[in-house]
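Trainee: So the protein lines, in turn, are chains A and B.
All the letters of the first sequence, read from the start, carry residue numbers 1 to 119 under the numbering used here.
All the letters of the second sequence, read from the start, carry residue numbers 1 to 113 under the numbering used here.
Derived from the structure by calculation, the hints contain no laboratory data.
Computed from a prediction, not measured in an experiment: that's the story for all the values here.
All clues stand as given, with none of them false.
Chain B residues, not near chain A, derived (Cβ > 12 Å throughout):
| # | residue |
| --- | --- |
| 1 | L11 |
| 2 | N77 |
| 3 | V112 |
Pair by pair, the computed Cβ-Cβ distance ranges are:
| # | chain 1 | residue 1 | chain 2 | residue 2 | range |
| --- | --- | --- | --- | --- | --- |
| 4 | A | S80 | B | T101 | 19 to 29 Å |
| 5 | A | Q2 | B | R109 | 20 to 30 Å |
| 6 | B | S65 | A | Q14 | 41 to 51 Å |
| 7 | B | A80 | A | E17 | 45 to 55 Å |
| 8 | B | L11 | A | Q83 | 25 to 35 Å |
| 9 | A | K73 | B | K13 | 38 to 48 Å |
| 10 | B | L113 | A | N58 | 41 to 51 Å |
| 11 | B | R109 | A | M11 | 18 to 28 Å |
Glycine included, C-beta positions come from ideal geometry on N, C-alpha and C.
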Amino acid sequence: AQTVTQSQPEMSVQEAETVTLSCTYDTSESDYYLFWYKQPPSRQMILVIRQEAYKQQNATENRFSVNFQKAAKSFSLKISDSQLGDAAMYFCAYRGRPLIGGGADGLTFGKGTHLIIQP
Amino acid sequence: ETGVTQSPTHLIKTRGQQVTLRCSSQSGHNTVSWYQQALGQGPQFIFQYYREEENGRGNFPPRFSGLQFPNYSSELNVNALELDDSALYLCASSLDGGAETQYFGPGTRLLVL
Chain A
1 AQTVTQSQPE
11 MSVQEAETVT
21 LSCTYDTSES
31 DYYLFWYKQP
41 PSRQMILVIR
51 QEAYKQQNAT
61 ENRFSVNFQK
71 AAKSFSLKIS
81 DSQLGDAAMY
91 FCAYRGRPLI
101 GGGADGLTFG
111 KGTHLIIQP
Chain B
1 ETGVTQSPTH
11 LIKTRGQQVT
21 LRCSSQSGHN
31 TVSWYQQALG
41 QGPQFIFQYY
51 REEENGRGNF
61 PPRFSGLQFP
71 NYSSELNVNA
81 LELDDSALYL
91 CASSLDGGAE
101 TQYFGPGTRL
111 LVL
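Take these sequences, add in the hints, and give me the full structure.
Mentor: What follows is the structure, encoded as structure tokens:
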């Protein structure tokens, strides 16, 4: 079974600074998807960024970028120019390709990193 | 474009009762996945419905069951509630039962006393 590990329960960063959240995963598959989701106190899980394992180029969405190291099974999220609105729980998630016969495993999540933005 | 909606937002039940949670998928999406998120944890996959059939299941007992309707909305039913079922239940919709990005609803907070 796949596992996702987020080793930083909590991170703190000054507003306007850059912060990197770590994520490692374990899988025997070669083709899969990785995601970062943000969950503010409102509880709704919001997609931040997505990476397809077959793509070597790291995904970028405005101030958010990833460092995807497939061989090391590492998928870190970098937030540049941190803003107060970035404060939330951040979850790293893994999903494999659909199973033969059409089944699906769903997303496997890490335990999350609580990001605090200091004004 | 309408996002994913869930109802109710909060619910209190007693042990042994049954509960039904509802989810409306995002416009154009035909796949709904359900997750359970215990306090302080990441969500755990319960099951997925694709075109009205269960398409995959996580490590949850049979008292967790579901339905998907022709309009792709979905229900999660939990029988014989236990105290440990207290959690945030999230539904997510996506396209085509595959590895497309899942978009989440705001969740239903269930408290079992």
